[in-house]
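Engineer: Sequence:
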Amino acid sequence: MAQRVRGVVAAGKGEPVRIETIVIPDPGPGEAVVKIQACGVCHTDLHYREGGINDDFPFLLGHEAAGIVESVGDGVTEVAPGDFVILNWRAVCGQCRACRRGRPWYCFDTHNAKQRMTLEDGTELSPALGIGAFADKTLVAAGQCTKVDPAASPAAAGLLGCGVMAGLGAAVNTGNVSRGDTVAVIGCGGVGNAAVMGSRLAGASRIIAVDIDDAKLATAQRLGATHTVNSRSGDPVEAIRELTGGFGADVVIEAVGHPETYRQAFYARDLAGTVVLVGVPTPQMQLELPLLDVFGRGGSLKSSWYGDCLPSRDFPVLVDLYLQGRLDLDAFVSETIALDQVEEAFTKMQKGEVLRSVVML
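Mapping of the sequence shown onto the UniProt record's numbering: residues 1 to 361, in sequence order.
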């Protein structure tokens with residue numbers, strides 16, 4: 001029988017979000033209903049509200065979540081009712097050319113639940129990133145549920161569902177940061193600071209955090225940065241070179257998604273170094289670089305989508321590291337809030353006052 005729950009809905013471009021009654025159908029084949037315990041407020045949710053993703057309003061927002069599987073549909077074997085899970089927006093197909101080549105983290109045919117959640121009047125909702133977790137419960141594809149150790153705090157674990165995984169994976173999975181490497185991270189919001197933490201976890205010898213906000217740089221230091229650069233007060237490329245013996249960093253992670261900061265990342269890396277773009281640009285942005293410089297500097301220019309993660313592989317390992325005290329996910333939880341405080345959380349996020357506000361349900 002369909003259930004009625006509360007959910008945070010963006011009804012139109014730029015409109016303040018509001019709490020609506022959401023109708024959740026019983027899970028069909030390959031689907032699961034999850035009772036949400038915690039969901040982080042991510043910039044992507046704000047992009048949805050502002051029409052920056054698409055115009056398929058109304059949106060059921062929220063996607064950085066953890067909770068308990070309540071029920072599953074036919075054919076579901078990977079999770080069962082009662083499992084504590086982190087939700088992800090990359091349920092891999094197992095059949096596409098990337099999956100068949102043993103690279104499921106690049107899956108080209110990821111999927112979500114086939115059924116749609118609705119408003120009470122039958123209006124179909126578009127769940128953010130196929131999840132829609134600013135709600136008491138949500139319907140997802142079972143492959144979007146990754147079972148992890150239930151001893152983990154839902155507020156901390158849920159952040160692996162998007163921002164923390166994106167940044168940490170940009171360092172560990174995409175950038176292949178290893179022991180002794182020098183790393184620079186440009187942009188120290190939630191994703192950038194997760195990249196700092198991932199670089200420390202991988203054993204980088206020098207981690208240089210770059211931002212225009214001293215408060216964010218202070219947070220980066222707490223999470224593992226060995227040096228900080230405020231790019232308002234000088235050229236960050238020259239600063240990074242000075243801190244790396246004049247050579248540039250082995251890996252530079254761009255967590256802003258802007259042509260100017262990408263150019264800084266490109267020229268701040270060592271010869272044969274790696275640039276990783278994990279910041280999300282807008283569709284209008286264009287990048288221009290001298291092709292001779294791209295050729296002559298060698299190395300790798302990579303994009304990192306969701307930290308090139310495979311949730312079934314990465315989430316349990318990272319939760320275990322968290323429970324061992326080796327990965328401080330709690331440091332990303334700036335505050336816990338109620339479901340009706342999401343709009344206020346967007347304002348705090350835009351002002352740079354929080355790493356993550358987390359809705360507790």
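These aren't lab readings, by the way, just hints derived from the structure by calculation.
Please note that a few of the clues may not be correct.
To be verified - Result set (DSS-like, lysine-lysine): computed pairs, CA atoms no more than 25 Å apart in a straight line:
1. K302 / K13
2. K35 / K114
3. K351 / K13
4. K147 / K13
5. K147 / K114
Unchecked claim - Quick list of the computed label-pair ranges, beta carbon to beta carbon:
6. L287 / D213: 42 to 48 Å
7. G298 / G245: 42 to 48 Å
8. A331 / T77: 33 to 39 Å
9. K114 / K35: 16 to 22 Å
Every residue, glycine too, gets a C-beta built ideally from N, C-alpha and C.
Engineer: Each hint should be assessed against the structure and marked as holding or not.
Structural biologist: Against the structure, the hints:
1. Distance check on the hinted pair: K302 and K13 sit about 32 Å apart at the alpha-carbon level, beyond 25 Å; violated.
2. For the suggested pair K35 and K114, the alpha carbons sit about 18 Å apart, so the restraint of at most 25 Å is met.
3. A distance of roughly 20 Å separates the Cα atoms of K351 and K13; the hinted pair therefore holds under the 25 Å criterion.
4. Straight-line distance between C-alpha atoms of K147 and K13 comes to about 35 Å, which puts the hinted pair past the 25 Å bound.
5. Using a Cα cut-off of 25 Å, the hinted pair K147 and K114 holds, with the two alpha carbons roughly 21 Å apart.
6. The beta-carbon spacing between L287 and D213, approximately 24 Å, falls outside the hinted interval of 42 to 48 Å.
7. Roughly 18 Å separates the CB atoms of G298 and G245, a value that falls outside the hinted 42 to 48 Å.
8. For the pair A331 and T77, the supplied restraint of 33 to 39 Å holds, since their beta-carbon distance comes to about 35 Å.
9. For the hinted restraint 16 to 22 Å between K114 and K35, the CB-CB distance of approximately 21 Å keeps it satisfied.
Hint check: violations occur at hints 1, 4, 6 and 7; the rest are consistent with the structure.
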